[in-house]
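With these hints in hand, go ahead and build the complete structure from the sequences.
Numbering (UniProt numbering), first residue to last: 1 to 111.
Hints were generated in silico from the structure; no laboratory data involved. Note that beta-carbon positions come from the ideal geometry of N, C-alpha and C, so glycine has one too. Among the clues, some could well be false.
Simulated DEER-style distance windows between Cβ atoms [what the hints assert, rightly or not]:
id	residue 1	residue 2	range
1	V21	M1	23 to 33 Å
2	E26	R55	35 to 45 Å
3	R55	T34	43 to 53 Å
4	A47	E103	24 to 34 Å
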Amino acid sequence: MAAALQIQIDLRPADEMKRLVEEKNEEHVLVELTRIEATRELREVEAQRRAEAERYMVVMAEVRAKIEALQREGGRSRAGGGGEASREELRHGSPPSTDGEEERWRRGREG
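In structure tokens form, the structure reads like this:
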């Protein structure tokens, strides 16, 4: 009986060490899962930022084109005495020449 008790006493530190190792392994797994999730979220945010930047570039190109068209129209009006552009034309530009551009122009006038 004393031998069995001594064995139990001797195994306590080993059991405690096993428990600590298992606990640390669980913590490590949780940290890795958190890192993987954070990496995935970072990629999503970066993709959203790239898409937003691309949309911004498209809008800026459209605005530049409208400004250039208005400047050309203003130059023709002054040079040719063709009258002034209406407030609507200044706001939305004159109708573009292609069908796709005209559709965008009409949507811009409506909205």
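Next on the checklist: Hint compliance check: list the failing hint numbers for this structure, sorted ascending.
Outcome noted: 3
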